[in-house]
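Q: Here's the letter readout for the chains.
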Amino acid sequence: MADIKYEDMREKLDRIDKYTNIEEPCKKDKTAWECVQLSRRVNRPGVKEYIDLICDEFMPLSGDRLFGDDHSMLGGIGMIDGRAVTIIGNVKGSNLKENIDVNYGMSHPEGYRKALRLAKQAERFNRPIITFIDTPGAFPGLGSEERGIGEAIATNLKELSTISVPVITFIIGEGGSGGALGIGVGDKLYLLENAVYSVITPEGFASILMKDPSKAEEAANIMKMTAKDLLDMEIIHGIIAEVEEGAQADPEFTASLIKKTIIKDLDNLCSKSKEALVRYRLNKIRSIGSTVETKSKNQILTKVLQKLGDEI
Amino acid sequence: MSKTIQCPSCHEEINEEEFLKSNKVCPFCNYHFRLKSQERIDLICDEGSFKEVFTNIKTSNPLNMEGYEEKLEQQREKSDLEEAVIAGECKIKGEDALLCVMSFDFMGGSMGALVGEKITETMLQGALTDTPVIICTASGGARMQEGIFSLMQMAKTSSAVSLMNKCGVPLFIVLTHPTTGGVTASFAMLGDVILSESGALIGFAGPRVIQGTIGEKLPDGFQTSEFQKEHGFVDAIVDRKDLATTLNYLIRTHKG
Numbered sequence: 048m049a050d051i052k053y054e055d056m057r058e059k060l061d062r063i064d065k066y067t068n069i070e071e072p073c074k075k076d077k078t079a080w081e082c083v084q085l086s087r088r089v090n091r092p093g094v095k096e097y098i099d100l101i102c103d104e105f106m107p108l109s110g111d112r113l114f115g116d117d118h119s120m121l122g123g124i125g126m127i128d129g130r131a132v133t134i135i136g137n138v139k140g141s142n143l144k145e146n147i148d149v150n151y152g153m154s155h156p157e158g159y160r161k162a163l164r165l166a167k168q169a170e171r172f173n174r175p176i177i178t179f180i181d182t183p184g185a186f187p188g189l190g191s192e193e194r195g196i197g198e199a200i201a202t203n204l205k206e207l208s209t210i211s212v213p214v215i216t217f218i219i220g221e222g223g224s225g226g227a228l229g230i231g232v233g234d235k236l237y238l239l240e241n242a243v244y245s246v247i248t249p250e251g252f253a254s255i256l257m258k259d260p261s262k263a264e265e266a267a268n269i270m271k272m273t274a275k276d277l278l279d280m281e282i283i284h285g286i287i288a289e290v291e292e293g294a295q296a297d298p299e300f301t302a303s304l305i306k307k308t309i310i311k312d313l314d315n316l317c318s319k320s321k322e323a324l325v326r327y328r329l330n331k332i333r334s335i336g337s338t339v340e341t342k343s344k345n346q347i348l349t350k351v352l353q354k355l356g357d358e359i
Numbered sequence: 110m111s112k113t114i115q116c117p118s119c120h121e122e123i124n125e126e127e128f129l130k131s132n133k134v135c136p137f138c139n140y141h142f143r144l145k146s147q148e149r150i151d152l153i154c155d156e157g158s159f160k161e162v163f164t165n166i167k168t169s170n171p172l173n174m175e176g177y178e179e180k181l182e183q184q185r186e187k188s189d190l191e192e193a194v195i196a197g198e199c200k201i202k203g204e205d206a207l208l209c210v211m212s213f214d215f216m217g218g219s220m221g222a223l224v225g226e227k228i229t230e231t232m233l234q235g236a237l238t239d240t241p242v243i244i245c246t247a248s249g250g251a252r253m254q255e256g257i258f259s260l261m262q263m264a265k266t267s268s269a270v271s272l273m274n275k276c277g278v279p280l281f282i283v284l285t286h287p288t289t290g291g292v293t294a295s296f297a298m299l300g301d302v303i304l305s306e307s308g309a310l311i312g313f314a315g316p317r318v319i320q321g322t323i324g325e326k327l328p329d330g331f332q333t334s335e336f337q338k339e340h341g342f343v344d345a346i347v348d349r350k351d352l353a354t355t356l357n358y359l360i361r362t363h364k365g
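Residue numbers (the numbering used here), protein chains in the order written: chain A, 48 to 359; chain B, 110 to 365.
It should be emphasised that the hints constitute simulated quantities derived from the structure, not laboratory data. All C-beta atoms in this analysis are idealised placements derived from N, C-alpha and C, irrespective of residue type, glycine included. Some hints could be false.
As the list claims (entries may be wrong) - The list that follows gives simulated cross-link-like pairs (lysine-lysine, DSS-like), each with its CA atoms no further than 27 Å apart:
| hint | chain 1 | residue 1 | chain 2 | residue 2 |
| --- | --- | --- | --- | --- |
| 1 | B | Lys-200 | B | Lys-130 |
| 2 | A | Lys-350 | B | Lys-200 |
| 3 | B | Lys-200 | A | Lys-354 |
| 4 | A | Lys-354 | B | Lys-160 |
| 5 | A | Lys-350 | B | Lys-275 |
| 6 | A | Lys-258 | B | Lys-326 |
| 7 | A | Lys-262 | B | Lys-180 |
| 8 | B | Lys-160 | A | Lys-350 |
| 9 | A | Lys-331 | B | Lys-167 |
| 10 | A | Lys-350 | B | Lys-364 |
| 11 | B | Lys-112 | B | Lys-130 |
| 12 | B | Lys-187 | A | Lys-258 |
| 13 | A | Lys-354 | B | Lys-364 |
| 14 | B | Lys-275 | A | Lys-319 |
| 15 | A | Lys-311 | A | Lys-275 |
| 16 | A | Lys-321 | B | Lys-275 |
| 17 | B | Lys-180 | A | Lys-258 |
| 18 | A | Lys-331 | B | Lys-275 |
| 19 | A | Lys-167 | A | Lys-311 |
| 20 | A | Lys-354 | B | Lys-275 |
| 21 | B | Lys-275 | A | Lys-167 |
| 22 | B | Lys-167 | A | Lys-350 |
Claimed, not checked - Only part of the chain B face toward chain A is listed, based on derived beta-carbon distances under 7 Å:
| hint | residue |
| --- | --- |
| 23 | Gln-234 |
| 24 | Met-253 |
| 25 | Gly-256 |
| 26 | Met-261 |
| 27 | Ser-295 |
| 28 | Thr-322 |
Claimed, not checked - Simulated coverage check for chain B against chain A, where a stretch passes if three residues somewhere in it have a Cβ under 8 Å from a Cβ of chain A:
| hint | segment |
| --- | --- |
| 29 | 166 to 177 |
| 30 | 222 to 233 |
| 31 | 288 to 294 |
So that you can see chain A by itself, here it is in the shape it has in the complex (with noise of 0.2 Å):
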């Protein structure tokens, strides 16, 4: 601390006034590779040990109405401070036995086929909706591929996109890919401090592009999948702190954290009306990796919106 210049000091100081909740400001930057690691600690709380940390009820419910209940997409209707709200994340499981029951986190269609049908439901009844992502990805798998496993992803995406109530979304350990985003597009979006958000892993990345998988701590460093990498590239809104040690640690500290994030942004979103909140999600939405720098960036979702007026 001692030899930090003040430039610098200052430089860290306006970055973590970004983040929404750090206050550790001296802490340790930990390597991707540390947070990859981290991520994916078998003992690292998941969306149950924060359901039971922040709510002060909740009710799980199951199934797809279509096929079956997955029981790696977690759902139900909690209270948090007072208000009701929808909570969708996925389950990785605690114990050999949940992990081979759940698949490690990795949903067939029907996972994401409730999540729509509780957040479809959730609008109905003007109920916010809060995700938990923590998933390796969508299960690849033959029943996975014969129910459309692609088609669900999407149609999550596209419902997700323009639904009219507040969408709040944590990743808690693992955001792997279309399997992350599909219960991921929403107003909010933060990480925890390790926790990490990737289109492939960094084995995947190594193999694929490297052709080595054994390159994968390389790869991690590269890809820009830590919450600082996301925070600076404008993907997220925040960081959401660990104890130096990681959440399992201190999953209390990690939970009040978020159940303070959770109702501040729920003040503010719930404030907006339906259209300005829809509108302000699709904006945020185009924006993301425009390749071109132009004014009229855009300028034709503006027009399609002014076009459909109060019908959005």
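Since the structure of chain A is provided, determine the placement of chain B on it from the hints.
A: Showing chain B alone in chain A's frame:
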């Protein structure tokens, strides 16, 4: 003596003239050779009607990934294409439409920010001007060199479909070989009508990945367009020679 082309599927020799007349479909086993983007445009659009749009959108290197720019340059030379998608206005047997043609020849048709942008802008333009949109897909999935930005294109393109739905403007998808990954899990599966070419590989996870999961040989015909139609995810498998007529019929019957 005219030239012949050997079919990689049934190994029969195909007379070149016949090969071109059949739009590069094997007359013996119905194997569909890959069409170049321009050939696809010529197949669908009225002669001289295709006008490319959104040419101002350029590829960038958002993660500053080493070697990506060189790779793009190589791909441009190799494929004679600027990027993995071409968008334009056209007429299909007299009907106005907006058309996007993806090409597997350019970086495996992978969806980076440029592909997402062009497809999104085309759909929004369609929604705004009440012009039907047709997208011919061919993609191995996300453009890994663009990391999280490529993943976000799935959300971006799908949100544009939502707006097309709300504006009552139809989206027609033509799945061609192969269409997988992030493209399958976004706009490709969201068409009001989804057509496909025969024998195309259509799926989310790649066959090798699935084989790794189940540890046994995949069933015959798994993830083909015929498989997708049987499982309810494709409306119709259309012959190349009938594609323009079919799209024209769909445009005429979706005018509300």
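Q: Which constraints among the numbered hints does this structure fail? Numbers only, ascending.
A: Structure breaks no hint.
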